[in-house]
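Q: Residue numbers (numbering that gives the first Met the number 0), protein chains in the order written: chain A, 0 to 137; chain B, 0 to 479.
If you're looking for bench data, these hints aren't it; they were derived computationally from the structure. None of the values given here were measured: they were computed from a predicted structure. Check before you lean on any hint, since a few could be wrong.
Just the calculated beta-carbon pair ranges, DEER-fashion [unchecked claim]:
| no. | chain 1 | residue 1 | chain 2 | residue 2 | range |
| --- | --- | --- | --- | --- | --- |
| 1 | B | Glu163 | A | Glu75 | 39 to 45 Å |
| 2 | A | Leu5 | B | Gln38 | 18 to 24 Å |
| 3 | B | Pro215 | A | Ile123 | 45 to 51 Å |
| 4 | B | Glu17 | A | Ile123 | 51 to 57 Å |
| 5 | A | Cys80 | B | Cys132 | 31 to 37 Å |
Note that beta-carbon positions come from the ideal geometry of N, C-alpha and C, so glycine has one too.
Each chain is listed here by its residues.
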Amino acid sequence: MASYRLLEHTADMGIEATAATLEELYTQAAKGLIAIIFEDAGGTALSDRAIELDGSDLADLLVRWLNEILYLIEVEHFLPCRFTLEPIQDHHLRGIVGGFHFDVENVRAEREIKAVTYHRLEVIRQGSDWLARVYVDL
Amino acid sequence: MSVKIERIDACRWRIPREGDMRTEGLVFASEKMIDFLRQEQALEQVRNVATLPGIVGPSIAMPDIHWGYGFPIGGVAAFSEDEGVVSPGGVGYDINCGVRLLRSALTVAEIRPFVQQLADTLFRNIPSGVGSCRQDLKLSSTQELKVLRQGARWAVEHGFGNEEDLLHIEEGGTIAGADPDLISDRALERGRAQLGTLGSGNHFLEVQEVETIHDPAAAEVLGLFPGQMTVTIHTGSRGLGYQVCDDYLRLMQKASQKYGIHLPDRQLCCAPLSSPEGKQYLAAMACAANFAFANRQLITAWVRESFEQVTGKGPGDLRLSVIYDVCHNIAKWEKHPVKGREMTLCVHRKGATRAFPPGHPDTPALYRQIGQPVLIPGDMGRYSYVLVGTQAGYEETFGSTCHGAGRLMSRHAAKRAARGRNIEAELARQGIVIRAAGRATVAEEIPEAYKDVMEVVDVVQQAGIGKIVARLRPVVVIKG
């Protein structure tokens with residue numbers, strides 16, 4: 000079953016996601032990222048953002064994807080809550096992120112993520128599932 | 000993987016050269032700290048840095064060392080001009096995250112009646128937390144480019160502070176060679192709304208009391224006296240700096256392959272200092288560093304404004320002046336004596352502070368007899384320190400010392416430790432008033448989440464790479 004859990008790190012935090020498909024894996028990692036920032040984020044998707052990204056490999060693509068989500072939250076104040084990704088091939092991601100605009104005064108972010116790092120970064124096959132591990136700089 | 004480490008003396012440890020290491024590691028730590036470090040990966044990171052091309056002298060770790068990305072936090076490494084490299088992982092995401100200390104003519108006793116009001120006013124006037132900004136500061140694209148070139152000077156020229164402030168900022172508040180053409184649109188976008196904001200996490204603003212003077216002569220030169228009210232500002236280059244680091248990590252990963260640099264860790268990606276990529280990173284990094292200097296300068300102006308609003312006193316009575324402003328995360332061209340020969344080196348300090356000795360030309364004239372001020376924040380419940388640089392430190396650590404306490408606990412562990420407690424009330428019992436934007440921040444930043452900064456600066460002083468001048472105690476804490 001697809002899921003994510005947050006990892007402990009002395010100064011920062013990490014995300015470990017597992018899923019049967021790469022699309023679900025990247026979705027879970029994005030949900031983990033949002034949970035670090037908002038803890039109790041929710042809401043209904045009111046508008047969509049089209050996203051298209053290339054990475055030098057699957058791990059690099061994960062960093063790019065999560066940084067894209069971070070950008071939507073930080074600059075556009077757009078909080079994603081629905082992810083529709085096309086099958087990921089050749090380190091290429093294409094999809095639609097549904098979400099809503101939030102007012103920084105009313106929707107309280109608990110933490111600021113500076114960036115998604117390459118530290119101990121992994122996207123690997125584990126049996127029939129995919130596993131991703133990524134750390135964020137807080 | 001375990002790292003071999005040998006004791007040199009009470010506060011120095013050597014990681015002997017082996018495998019791909021080009022030099023040895025030198026770690027400043029007490030025995031207790033080393034036991035903690037053995038459980039982490041920070042020592043492995045010191046060893047990894049020692050494998051980079053053109054490193055001069057050892058790969059150094061300060062006593063506040065902890066696990067970072069690429070370089071450890073608390074890492075110092077110098078690289079030669081012709082054979083060395085520059086690495087964004089040796090600077091960090093928060094380029095020129097740093098600390099600024101202001102002194103005042105007031106004592107804490109004089110502001111005691113106002114502390115609640117002062118906390119509210121500072122919290123209102125200085126944007127802190129995710130997404131907050133001053134509604135009266137709208138930076139145009141053209142102005143932002145000027146900020147990137149001019150740093151704190153831009154702020155002073157726009158009425159935020161005075162010329163004297165600039166004399167007491169590392170590099171005068173402007174790092175030369177900044178080229179905004181090398182900054183991505185995304186970085187500019189992330190920065191535009193964030194100039195003049197504190198941020199969140201471990202970034203803070205504190206009103207403090209000078210609790211103890213350890214070196215009366217140096218304290219007098221710095222204008223510090225017991226019971227005095229001071230203000231510390233700890234923040235950096237915000238989203239702009241984070242994005243510059245991210246953008247250039249991408250470029251440097253390609254550059255590392257292009258120049259055949261073997262990387263033990265992807266986050267250590269780098270390029271030769273002489274390469275176009277290396278030069279571009281340094282020019283982009285200077286932009287982000289200048290943004291951070293301007294950021295702390297604007298916050299300084301709003302601190303002054305807040306004190307005037309609350310106390311009803313004018314600038315002449317408050318005399319809130321900058322003692323010094325130091326970078327924590329930076330790579331800089333500096334001249335250092337190496338085996339009797341002066342060399343131009345690119346010194347990376349990541350979670351480390353420049354600490355130049357008495358007489359050094361880059362130490363502000365006012366402080367030249369005592370050495371460059373070094374500002375070491377601790378945690379929100381205990382204390383912070385003011386030190387000065389030493390000649391011994393200049394010779395052994397390229398004029399560097401520690402930058403803070405360093406975390407001991409993960410955020411989860413800190414939250415567990417804070418569960419069921421009223422941290423605000425605990426701080427209030429110690430006479431500390433706190434205002435925080437995030438609910439999680441107060442729990443995650445509890446004092447015991449950090450090492451006791453006194454143990455860190457004791458190692459620094461014992462090793463002779465810094466000299467303690469004064470200890471400051473928090474009175475008002477503003478957290479993002």
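Q: Determine for every hint whether it applies to the structure shown.
A: Hints versus structure:
For the pair Glu163(B) and Glu75(A), the supplied restraint of 39 to 45 Å holds, since their beta-carbon distance comes to about 40 Å. A hinted range of 18 to 24 Å holds for the C-beta pair Leu5(A) and Gln38(B), which are about 20 Å apart. As the Cβ distance of Pro215(B) to Ile123(A) is approximately 60 Å, the hint placing it in 45 to 51 Å is violated. The given range of 51 to 57 Å is broken by Glu17(B) and Ile123(A), whose C-beta atoms sit roughly 29 Å from each other.
Taken as a hint, the range 31 to 37 Å is violated for the pair Cys80(A) and Cys132(B), whose Cβ atoms sit roughly 25 Å apart.
The structure fails to meet hints 3, 4, 5 from the earlier list, while all remaining hints are met.
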